[in-house]
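With chain A fixed as given, assemble chain B onto it according to the hints.
Listed in order, the protein sequences are those of chains A and B.
Read in order, the letters of the first sequence correspond to residues 155 to 613 in the numbering used here.
Read in order, the letters of the second sequence correspond to residues 1183 to 1528 in the numbering used here.
In short, the hints are calculated from the structure, not lab data.
Wrong hints could be hidden among the right ones.
[What the hints assert, rightly or not] The calculated label-pair distances, taken between Cβ atoms and stated as ranges, are:
| hint | chain 1 | residue 1 | chain 2 | residue 2 | range |
| --- | --- | --- | --- | --- | --- |
| 1 | A | L524 | B | M1344 | 38 to 48 Å |
| 2 | B | P1476 | A | M226 | 31 to 41 Å |
| 3 | B | L1189 | A | G314 | 39 to 49 Å |
| 4 | B | D1412 | A | G314 | 26 to 36 Å |
| 5 | A | S573 | B | T1503 | 32 to 42 Å |
| 6 | B | L1199 | A | P276 | 39 to 49 Å |
| 7 | A | L194 | B | L1398 | 53 to 63 Å |
| 8 | B | M1344 | A | A166 | 43 to 53 Å |
No residue lacks a Cβ here, since even glycine has one placed at the ideal position from N, Cα and C.
Below, each chain spelled out in residue letters.
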Amino acid sequence: MDVEILSRIQFAFTVAFHYIYPPLSIGLGLLMVIMEGTYLRTKDPIYHTMARFWTKIFALTFGIGVATGIVMEFEFGTNWATYSRYVGDIFGSALAAEGIFAFALESGFLGILLFGWNRVSPLVHFISTVGVFLGSMFSAVWIVIANSWQQTPAGYHIVGEGVEARAEITDFWAMVFNPSSVDRLTHVWIGAFLAGAFLVLSVHAYYLLRDRHVEISRRAFKIALGVAIVASLSQLLTGHSSAEGVAENQPAKLAALEGHYEADGAADMYILGWVDQEKEEVTGIKVPGGLSFLLHQDFEAPVTGLDAFAPEDRPSQVNAVFQFYHLMVAIGMFLIVLSLYAGFLWWRGRLFQQRWLLWTFVFAVILPQLANQFGWFAAEMGRQPWVVYGLLRTSDALSKAVTANQVLFSLIMFTIIYSILFALFIYLLTKKIKHGPDDAELIDKRPRQKEMIDILKTQ
Amino acid sequence: MAMATFLGIDYPTLWFLVVGGVLSGYAILDGFDLGAGAWHLFLKKEQSRRIALNAIGPVWDGNEVWLVIGGGALFAGFPIMYATLFSAMYIPFMLFLAFLILRAVSIEFRSKEPMLWWRQMWDVLYSVSSGLLAFLLGVVLGNVLQGMPLDQDYEFVGNWLMFLNPYALLTGATSLALFMMHGAIYLIMKTEGRLYVKMTILLKRAIIAFVVLFSLVSLYTLIYIPHLSDDFKAHPALFIVPVLAFLAIANIPRLASKRKYKFAFFFSSLTVSLLFMLVAIELYPVLLLSTLDPANSITVHNSASSEKSLGIMLLFAAIGTPLVLSYTFFVYKTFWGKVMLDETSY
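For reference, chain A alone in the conformation it holds in the complex (with noise of 0.2 Å):
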C-alpha cells in the first residue's frame, strides 16, 4: 500500500477513535450543568450525588478525549506536512483561539471539576462545570470552523504557485462564518448532546431494570429524557439546514449523499438503496423528485448531478458516502420517534413501565455515537477527491519526508495502542457505573495526611 492510503487509514482510524470521545464530554457536560443548576436550586442532595457520578464518567471520557486529541494535532504535521503548510495561515487563528479561549478554559477547571468537591464552595463548583462544558463548546466551534474552511472556503486567496502555493487570510470574520460553519457546529452541538443524553439514558435505564438507585434513576432519566427530545427534534432542523448548504457549496458532495448521477435532471431522494457505480444508477426504494422537492419545493427542479463533474473531481466512493449518510439520518428518525414516544408515556405518567422500552434505552447508547461517525464519514468522504475543496486534493496534501513503511509502523502501533485504550474505557466504565452513584460509604472515610504519615513511622 502506498502513503497516501495509508496515512488516510491512519488518519480516519484515529479521527473517528478521537471523536468517540468529544462528543460524550460536551453531552454530559451539558447534562451535568443541569444537574447541579438544580441542585443549587433545590439543594436536594439527590441532585450533588448524580452530578458528582457523571462527573467521574465525564472525567474518563475527558481524558481520553485529550490524549487522542493531542494525536490529531501532531498528524497534521507528521502525515499531512503540505496540507499544514497550506492551510497552517488560515487555521492559525482558529487554532490559536482554540487554545487559549477553550482548551485552557476547559482543563483549567477541569481539576476543580473533578477534585475539588471538598475543596470550594457548591457555587465555585457549579462555575467549575460551567467553565468546563463552555470549554468544550468553544473546543468544538474552532475545530468546525476549520474543517468547514476545508468544505467551502471563504475569506482567503492563494499566494505562490506549485508546491508554493499557499492559502491565506484575507478576511477572519468571513473565514469563521464561511458558508458552512454554522450549519454545521449547530449540528455537531446537538449531536453531541444526544450522545451525551443517550448515556445517561441508557445507564440509568439499566439502574431502573435492575432496580437499584431506583429514585436517582427515575429523575436522572426525566432530565435526559427533556435533552433528548429536544435534541433530537432540533437536529433534524439543522440537518436540513446543512442539507441546503451542501447543495448550494457542495453539488458533487450532494450529488454523492443521493447517488444522483443525471447533470441537469429532477433529483429522487432514497428511503434506502445500492449505489453501482459502475452503471450510475440507484437501486432502492425512493421518492422520486424528493430531494428537489425538499431543496427547491418542486419535484421537477433540476438538481446538479455527478456527471456535472469530471470523473477526477467526482468522490470515489459514492455508495460508500450514500450509505453512511442515510444511516445517519436513518438513525437520527429514530431517535426522534424513541424520544418522543417516551416523552409522550411521562406525559401520561407511564415512563417506567415498559421494561422492554428501558431495554431499548440500555442499547440505543449506541445510535448517536454511529450517527456521529457516520454523519463524519459522509461529510468528510463526500469532500474527496479533495482535502481542501477545490482547491488541494488529497493526494497532493501528504508529507514527502515520510515513506510507507513509516506510516504502516505507526498504524498498527495506534491500532494496538488505541485497543488498549479502549480496553480502559469500557473496562472502567463498566466498573464505575457498576458501583454506581451511591458515595455514601466513603465520606468521612478519607485517610488524613497525618494519620498516613503516623502509620509510615510505626511500620
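Relative to the frame of chain A, chain B by itself:
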C-alpha cells in the same frame, strides 16, 4: 513593504517569543510531572508510590494542555517549520504520542485493582514512559539545534534514523536529568515523612547528573556546532543569559541544603526557562538549519504566517494570556499544600 511591528519587534519575532514562552511553560509544568514519573520505580513502598502519583494527580492533565497549545502555536505561526519538523521526525513524534497515551493509561489503570502484579506492571509502564518522554523531548531539541538536511522546498531529505545521533542522545539525557531534578524538588514540596526524606537523597544525585550532562552538552555545542554561538559573539550583552542560567543552577543545591524547597523549585523552573532563552538566542533567526545549504534553512521570517494572521493571533494571545494565567493560578492555589489522599484520589 514595511513590516508591522509592536514595540519595535516584528510580528514573526513576537510569535517566536510566544511559541518559546509556551514551550518553556510546558517544559516547566509537564517537566516536573514527567520527572516525578521517572522517579516512580525508585520508590519501593506502595504508599509512597500512591502519594507520589497523587502529588501530580490533579495537574498532569492540565500540564499537557501546554503541549497542545505549544503545538498549535507552532502550526499557527510557523506552518512551514511545523510541517517540516514533524514529518522529518516522524518516528520520534509517533513514539512520543505512544508513550504519552501509555503513561496516561497507566496512571488511570494502576489504582483500579489491588493485585501486586497489576500495580507493578502499570508502575513500570508509567515510569518508563515518563522517562522516555522527557528523553524524547531532549532528542527533538537536539536535532533542531543541530539542523538537518533540507532541500530548497524545505523538505527533509535525510534518513529516518538520523534523529538518533550522539548530540541528540546527549541532549535527551540532559533533559531527562533536568526534569528528574525538577520533579524531585516538586515531590519534596508536596510530601512529608519517609517519601520526603527519600526524595531529598535522590535530589542530590539528580543535581550531580544534570550538572555533568549539561557541561558535556555545552562543550559539545561550543566545539562541534560553533554556529550556535554566533549570536553571542555578535551581541556580547547576551552572555547575561548563560551567566544567569549558571547562577540559577548553582542556587538549587544551595537552597536544597537549606531545605528551602519552594525557592529551589522556583530556581529549577527558572533554570528551565533560561535554558529555553539560551536555545532561542542560539537559534534566532533560524529555526531549522539546512545542513545541505544554509539558503534552504527555515527561518522565523520565511516560515511565518502572514502578517494579518499573526496580528489576529497576537491579539488573541494578549486577551487570553491574563485569563489563562489567572485561572491556572486559581487552580494551583486550590490544591496548594501537601498531598491528602481521599476518595477522588488515584
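A quick look at each hint next to the structure:
no.: 1; hint: A:L524 / B:M1344: 38 to 48 Å; in the structure: holds, 44 Å
no.: 2; hint: B:P1476 / A:M226: 31 to 41 Å; in the structure: holds, 34 Å
no.: 3; hint: B:L1189 / A:G314: 39 to 49 Å; in the structure: violated, 30 Å
no.: 4; hint: B:D1412 / A:G314: 26 to 36 Å; in the structure: holds, 30 Å
no.: 5; hint: A:S573 / B:T1503: 32 to 42 Å; in the structure: holds, 39 Å
no.: 6; hint: B:L1199 / A:P276: 39 to 49 Å; in the structure: holds, 41 Å
no.: 7; hint: A:L194 / B:L1398: 53 to 63 Å; in the structure: holds, 58 Å
no.: 8; hint: B:M1344 / A:A166: 43 to 53 Å; in the structure: violated, 30 Å
Hint check: violations occur at hints 3 and 8; the rest are consistent with the structure.
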